[in-house]
Amino acid sequence: MIAIEGLTKRYGTRTVLDGVSLNVPGGSICGLLGRNGAGKTTTFRCSLRLAHPDAGDARFDGEPLRTATFERLGYVPDRPSLYPWLTVEQHLCLASRAYRSYDGARARELLATYCLDPADKARALSRGQETALSLVLAFAIRPALLLLDEPTGGLDPLLQRATLELIIDAASNGASVLFSSHAVGQLERAADRVAVLRDGRVVLAGDIEALRAAEKIVEATFDDGVFRSDVPALQGVRRWEHAGAALRAYTERDPDAVAAALARAGARSVRVLDRNLEDLFMDAIAGESPR
Amino acid sequence: MPVLFAIDPRSGVPIYLQLTDQLKRAVAVGALAPGERLPTVKALAVQLTLNPNTVAKVYRDLEREGIIETAPGRGSFVTGNGTVDKTRVVASEVAQRAVREAVREARALGVPREELRGLVDAEIARWFPEDET
Amino acid sequence: MEYVELLRVRRALVSFAVALAFVLIAVTLVLHGKGGFTIHIGFGKEGVGAGDLVMLGGFGAMFLAATFAGNMPGESAALPFLWTKPVSRAALAYRFVAVDALGMAAGIVATALAAVIVIAGMGQIRAIHANPSLPGDAALALGAPLAWYGLTLLAASRLQPDGVARVGALSWPLFIVIAMLATVALPPALHTFVVGLDHLNPLAYIAGSEHKGIGLIAAASPVRAAACWTIALVTIPAAIRLWTAREG
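Residue numbers (the working numbering), protein chains in the order written: chain A, 1 to 291; chain B, 1 to 133; chain C, 1 to 248.
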């Protein structure tokens, strides 16, 4: 389990992370979304102490980060961290000497999955191949903790799918996975938790099913476009939209209560619609439009 | 399992509900035979690139409804007893949900009751040519 | 994980050996051209002290010292790779240092061997004899490059790769200049300052001798060795502390 609590990081006067907290239980896949510069990479780096947080901490299976934690932690950085003058094979060799839990057979399987030639020097690899090598190194130890910063960057669609399958397989064996991605579609299927960062803060987080249940659109149709003046003052509504005779409330909790209130306000018909997750995430990433 | 599932994350319908419906439909049309073994949660999750917890929830829901049964150590199977009735019940459920959605949509669009009834009759005539009324 | 450093050091030693080979051939040709020579070095004694050969080896290893010292600080791109492994940063750093020290020792042996080959080529191999200062000389031969290594490592420990390269390149002229300035007549305050600096100068230690007036730091070789080792044992851990505290 990965527990990040109150991470804060400043570079000079710029606050890159402002109290970021999120949780990934064992067997859970958490997607980290946000624009470039929102703080995703810094979150990873501060959690792994590659950068020094000004406040906050990350705990792994209840313990602070220790040297021994890395025995079961796989990390893929946003920018490949490899030795240009070493071959793929030599990188695997480095890993095998560093980890007790390194599985050479598994590593070879993964090399084949990602179509990597062991004899290629790292500097001869394309961007996608560098990512692939980082993934092989991370998964070869069958980690219980996975921190993946844009693990599908530069990969072709087949390899992106293969990577997702690896992530899902790891989670079904009980691993905690935190991965950041710009591919919102991938997140919807593979993740059961999500955290959206905007300007260094978490603006949306939690179990995806719970979010689905809370974030709905309540659409109420009124006759002759009559709106009661007290309707827009309802609790738990992120924003309102008018669409002809229909009024739409984007709820952030308790959609049924909002639906009931609109019915009481004299709506001809009220229905509760599920929100498209992708739209939900995009709204959170970009920031709500002012109403 | 030869059955293919198409999960569309972009529709507003939750993924677990889509998978549940599709599994039920497979049972209803006989694509999943009674007593047939389902893949493990892990295998199905990887195959469909879906979150394992989602798949686990689907299996739990189907088990609760008596459509599948799980024997520890042996896997999950489509239930074998009284399946004919069960598949009929499942089929009715799936159909009812579709009808509910259609009627609600028509209501929201302001389609009058009589016109709606006419539309339904027309569709029934279309799909059930030898209709015994 | 220090395997990387092992590979790097091996590469450097190969280049070093090639360079040595060239120097060896060149020196042999020059000496042959002069019609051979009899050896009068060793400050008045006949023949060559083995200790002097070893010190020559140490001088050769100083070329390696500046190169090796740039390796660890220059790792900045690979830190996310190195520092997310189940090896502590300090352990990693000390292993790197161990590999580098072994590399420098190999450099000493290689250089001394090359000198022996040149002398043997002149048919003067019997001119070599063990001298009583051999242990002290050997200690100095490794101590001075290590001191150089430590000082350079400390200066470069927080820098980015391009800064590291500059520090390595500057170390030679810097030490040479300080050594030269220490032997020049300067206003008293400045002279004291330069002489003080010179006491941190590995070049001054290895080029010094126990005889006053010749060479730069006048002291017996064990004393000079002790000074160099002290510098090394202070700067290296300090550099490692600084390095492990950086952001990856």
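No lab work stands behind these hints, which were simulated from the structure alone.
All of these numbers come straight from a predicted model, not from anything done at the bench.
One or more of the hints may lead you astray.
Unchecked claim - What follows is a list of derived Cβ distance ranges for each label pair:
id	chain 1	residue 1	chain 2	residue 2	range
1	C	Pro173	A	Met282	57 to 63 Å
2	A	Gly206	B	Glu63	23 to 29 Å
3	A	Ala243	B	Arg97	22 to 28 Å
4	B	Arg100	A	Arg268	15 to 21 Å
5	C	Ala165	A	His182	33 to 39 Å
6	C	Leu233	A	Arg127	26 to 32 Å
7	C	Glu247	B	Arg97	53 to 59 Å
We put the CB at the ideal spot given by N, CA and C, even for glycine.
Now the hints, each set against the structure:
Checked against the hint of 57 to 63 Å, the pair C:Pro173 and A:Met282 passes, with Cβ atoms roughly 58 Å apart. A hinted range of 23 to 29 Å for the beta carbons of A:Gly206 and B:Glu63 is consistent with their spacing of about 26 Å. The supplied range of 22 to 28 Å is met by A:Ala243 and B:Arg97, whose beta-carbon atoms lie about 25 Å from each other. Distance hint check: the CB atoms of B:Arg100 and A:Arg268 are about 18 Å apart, consistent with the given range 15 to 21 Å.
At roughly 36 Å, the beta carbons of C:Ala165 and A:His182 sit within the given window of 33 to 39 Å. Evaluation of the 26 to 32 Å hint for C:Leu233 and A:Arg127 yields a failure: the beta carbon distance comes to about 44 Å. Distance hint check: the CB atoms of C:Glu247 and B:Arg97 are about 55 Å apart, consistent with the given range 53 to 59 Å.
Checked against the numbered hints listed earlier, the structure breaks hint 6 alone; every other hint is satisfied.
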